[in-house]
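J.: Here is how the chains run, residue by residue.
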Amino acid sequence: MESVSIKDVSLSFGPIEVLKTLNLDVRDGEFIVLLGPSGCGKSTLLNCIAGLLDVSDGQIFIKGKNVTWEEPKDRGIGMVFQSYALYPQMTVEGNLSFGLKNQGMARADIARRIARAAEILQIEPLLKRKPGQLSGGQRQRVAIGRALVRDVDVFLFDEPLSNLDAKLRSELRVEIKRLHQQLENTMIYVTHDQIEALTLADRIAVMKSGVIQQLDDPLTIYNKPANLFVAGFIGSPSMNFFNGRVDGTGTSAWFETATMRLPLTNYRPDGTLVPGRDVILGVRPEQIRINDPDADAGLTVDAVVDVEEPMGADSLVWVKVDGQALSVRTEAGTRFNPGDPVKITFNLALASIFDAQLETRI
Amino acid sequence: MADGTLSPAPGAAAEPLREPRGPKPRKRFSRRNIFIYGTLIFVSAYYLLPLYVMVATSLKGMPEIRIGNIFAPPLEITFQPWVKAWSEACTGLNCDGLSRGFWNSVRITVPSVLISIVVASINGYALANWRFKGADIFFTILIVGAFIPYQVMIYPIVIVLREIGLYGSVWGLVIVHTIFGMPILTLLFRNYFTSIPEELFRAARVDGAGFWGIYFKIMLPMALPIFVVAIILQVTGIWNDFLFGVIYTKPDTYPMTVQLNNIVNSVQGVKEYNVNMAATILTGLVPLVIYFVSGKLFVRGIAEGAVKG
Amino acid sequence: MSASVRPVQLFRNLNAKIAAIPMILTALVIFVGCSFWTIFYSFTNSKLLPKLKFVGIDQYERLWASNRWLISIENLAIYGFCTLVFSLLIGFLLAALLDQKIRFENTFRSILLYPFALSFIVTGLVWQWVLNPQFGIQKIVRDLGFESFTFDPLYNPDIVIYGVLIAGLWQGTGLIMCLMLAGIRGIDQEIWKAARIDGIKTWKTYVFIVIPMMRPIFITSLVIIASQIVRVYDLVVAQTGGGPGIASEVPAKYVYDFLFLNQNLGQGFAASTMMLVTVAIVIVPWAYLEFGRRKHG
Amino acid sequence: MRMRSSVVAMVACLALPISAAQAVELEVTHWWTSGGEAAAVAEFAKAFDATGNKWVDGAIAGSGGVARPIMISRITGGDPMAATQFNHGRQAEELVEAGLMRDLTAEAKAGNWAKLVNPSSLLDSCTLDGKIYCVPVNIHSWQWLWLSHKAFAEAGVPVPTNWDEFVAAAPALEKAGKIPLAMGQQSWQTSGAFAVLMVALAGPDVFQKVYKDKDAKLAAGPEIAKVFAAADNARKMASQSKVQDWNQATNMVITGQAGGQIMGDWAQGEFQVAGQVAGKDYSCLPGLGANEVISTGGDAFYFPKLDDPEKTKAQGQLASLMMSKEVQVNFNLKKGSLPVRGDVDLNAANDCMKKGLAILAKGNIISDPNQLMTPDSLGQINDLFVEFFNDPSITPQDAQKRFAGIVSKAE
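Chains as they are written, first to last, in our numbering: chain A, 528 to 889; chain B, 272 to 580; chain C, 88 to 384; chain D, 2 to 412.
A few of these clues could be false.
To be verified - One-sided excerpt, in silico: chain B residues whose CB lies under 8 Å from chain A: (1) A316; (2) P334; (3) E470; (4) L471.
Since the hints were derived computationally from the structure, they do not count as laboratory data.
A virtual CB, placed ideally from N, CA and C, is assigned to each residue, including glycine.
Chain A with its partners taken away, still in its complex shape (with noise of 0.2 Å):
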């Protein structure tokens, strides 16, 4: 059954339209992480969804409840914000109770509740403190307990760790993916940092100008990006884009560009490739190989070294192929200095092809 559905929803704020006829299903217990840059309208999809925002048409289920005009307090969710909007006059045991006590609930069942969230999220020493006594870490912690207290079966977070340093950010990470697994509870996530959503999602939704470009699980989307758009836009440093031709079907064809023929024996096309077809070729950086001895000779390339970046477990090099650039992720531990000649070995089984019209994967 779906914990929250969302149907056909657009919302425009004069002639701007921000979300464009938007479906998205989430299934129970589910991590939907919601990606894309600022300005994708992931933040809006999210405050529909909390009731934060109207929409202009559409609409929204939550537990297969129609709650499209429902007031935020109504919907059952619990929700997480950026700047993490605690109330600062209240101590860390005000904000956790200020939602209950609106709903009226008994005193008992709101310590009760208190103590379970602060137990979970290890803030109890915490509770009588005021927010501005706290650390951004801290602060967050009470944020999620604040939803956490809500018990509801779906949890909203916007952009919870961008606030936070890189440190905290990947302890938080692990936290809410501890949360998650603890309380199966169904969980919203918008963010732009790529590594969130693949390390936390069940499911990505790739958004861009209010459409959801793909919507599926985090290999599938990294390995398998379904556009170009979702294909640059995830895996760092970006995928290499080079653009060409097909040439010959089937397990014989290859691509071509002016001073490159690579066959496509290796790759798993989802639809047929047309020969003559102008398409663009994506590789990521770690599936290409610099100076393999038990390379393919027809997948090689001649390239020059122009920087490297040695990132302690890795390191990247950047090569230039007639004049392009693109990187390659290489182990650590072989140095490379600029103006080495260098060669070079794609593998197109985990590579992609992109119509250079449609820009969508073939």
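Since chain A is already given, all that's left is putting chains B, C and D on it; use the hints.
T.: The following block gives chains B, C and D in isolation, referenced to the frame of chain A:
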């Protein structure tokens, strides 16, 4: 305070050959400081001059005023003018000075300040967080209203108040002050509430708080600085009001400013400058005290409220 | 699953609408209603009481033929322009001075701000005394030996409006200074660091970097100053009574005098209307751009 | 003293058959706040309080210009006072027409005002459609020139006996460091002085034709040009006079700083408060010593309609009281004005008042501008003259042209 800015560094200039080390030398009488303090002291003198004239004159007797100039300090200090201004000066047959007006002013100012601020803060809150269709149009009208001269509105408002039966009562005057305080105050509160992170408001809505719940429990406790600014602006504005006080009240409820005008303009024989000055200071005392006491809060409130917009 | 019914627009956000009723009433009944009422009656020849005897634009013809009205407009223009320029200028300069990490900042600030606590009536009276040539500034300077020194702005029709200006600025610049100071302090300290490292002179930093960043403050100041200017009345009445002669008359006083003193409502309303129209032409487009547009996140 | 209170008691009994056990408070607004004025109005209050009622004083300082707007707002705003001062004439005309004022015809009949009031034109100003709406309380004539003996003595010239002599003495006064003519800066003072000059130099008839019949051609003509030339002279003589209020100007005459002042007879109250004696310390020249006339300006009380019958009754009492003989005498002695009753005997009056009474008895009276023109037209004339007196660049010819323009449009 600028710690160390003015601390002397003896010898620093006398040993030019020494390599720089230790605290950076600063000259007490640098050209920059002379310019800054010189200008400020000059400007302060300009600002203080009238206050000095008022105080000095109010402490002189009439003969001394006739011979001396107004800037001369009083030779023989007398508090008689103050006593007279407070409790003896006459307007027509009433010779009880400003004392009566003082309490009237209190009776007018307190409810006017309270009601105008309550109304304006709710307006500002609704405009910042609960925008509804047309709200911006009303707000624009309100802002334009801030530029309409009061004189234009006096007559129609007399008619409006007459029609709702509040003309001549203190409540009528309270309404008038609320109306004319509304544009600037609403602007102030709206700017302030807009500057509060929207997410806070959203969090409260998810927590199930409604319009009033959010206002009282979340916004109000956070808005203290701007309330201080609003209170100071309104207390001084309403306390100093003359026009509405004289038009919309009766003699037995005249505020202090009207009494002041009456005393200053009731020349019985010679103009008693000392009494007039004392009366002037007495009338301005309440807002002055408020400013001097809460000046810091006022500046902070302005910094937090009016700056963002 | 059926679509829930879209609620009636009127009742959405009902509490906010109820809370806004005082504002809506004020805007519609007082500011719009009374303005139209005034405009309407400006085409009548109402004397002491409003009467529906229409006389076309007679009142306006008479208004623009009136010497006093023309002087009033001219005075307001001079006073308004100077107040605007000098308030902002002096306010900003003083704020910049106070911002120099000086000692006794609180004292200086209180001194500069206190006149704002005083009413225009008080301000007018005090400056009337200070500027009185028989015992004010002129007299002390003459007593010092400068026999020919003349400084009697309130008694010289050509410069009387500047005498009013001196008092007006004295009363009003403190608040502007406060606003500006708050604005300057509100600017990110890193801007200063950047400017210092770039070797930009302090005054240049103020003029080219700080001032452009203080747009909101300038707008708030502008609203406050401009709304005071149009209303200037008490100050003139207390300080000069419009004199000498009619040299310091202002439009608001013209309106008031005709409404109540000369018992010619029609003429007073015509003058009111001209003020309203001027305000509307200048303010409405600006206010709409500034506040009327919905801003979307 | 004793006799007066008994008269008051008698009047009270006549007007109020029912006992005055219950004190009714009546709020009375007026703009009498100078020394002499306040003393005069106290006479009304004393007499009214003696009837067992209570006079609630609503003085508004700063001349009628400040006070009238407030009074009118109160009345039109539906929260009227019980009684209010206006000048004789047309200031309250529309309020009466709008039915906002109480009809005093009954009181007038009972008190036989029609016979008593002298000159009868005063009562005409109060009458609309045969009903009487106000009580005239005094006659104030504008037509006086007040002269300081001290100033002329110090200048070494004899005290003048008419305007021309006064003008001739001006250089001597100036030489002695005196201001020849004291003149307040308020507009009504300058236009008032001009009207006085017109009566004195062009004669009462011309004045009546210009102000009453609005004869614009005459106003543009040579007779009035003569007046403007005189006004030009007065302007020069008053150029150093930099006070606002009329009584400050009067004070300059009292203290000998100024030679003289053209001002109404209310100035007399100030001389009296200062303890000066007419004929010894100061002189008064009615009609500037040229045309001895009295203008019948002055003050009247109007009684707005009230709902409370008790108060309405008390209003009637107050109206009758103001017209009563004794109150008239006491009030006018203090005020320095002439009584409106022809049958009172002012033995206590000083020289100047006696002069006035004599002229009044002769019937040399003219109306006051307030009785002849609307406040609107007078306001324009005020603006013209305050400008003229303060701006030497306006030639008498220009001013006359504008004056004639105002007269031609007056109603």
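J.: Evaluate each hint against the coordinates.
T.: Verification of the hints:
1. Interface restraint check: A316/B against chain A, minimum CB-CB distance 43 Å, threshold 8 Å, status violated.
2. With its C-beta approaching chain A no nearer than about 61 Å, P334/B sits outside the 8 Å limit, and its interface hint is violated.
3. Taking 8 Å as the C-beta cut-off, the interface hint given for E470/B holds, the closest approach to chain A being about 4 Å.
4. With its C-beta approaching chain A no nearer than about 5 Å, L471/B sits inside the 8 Å limit, and its interface hint holds.
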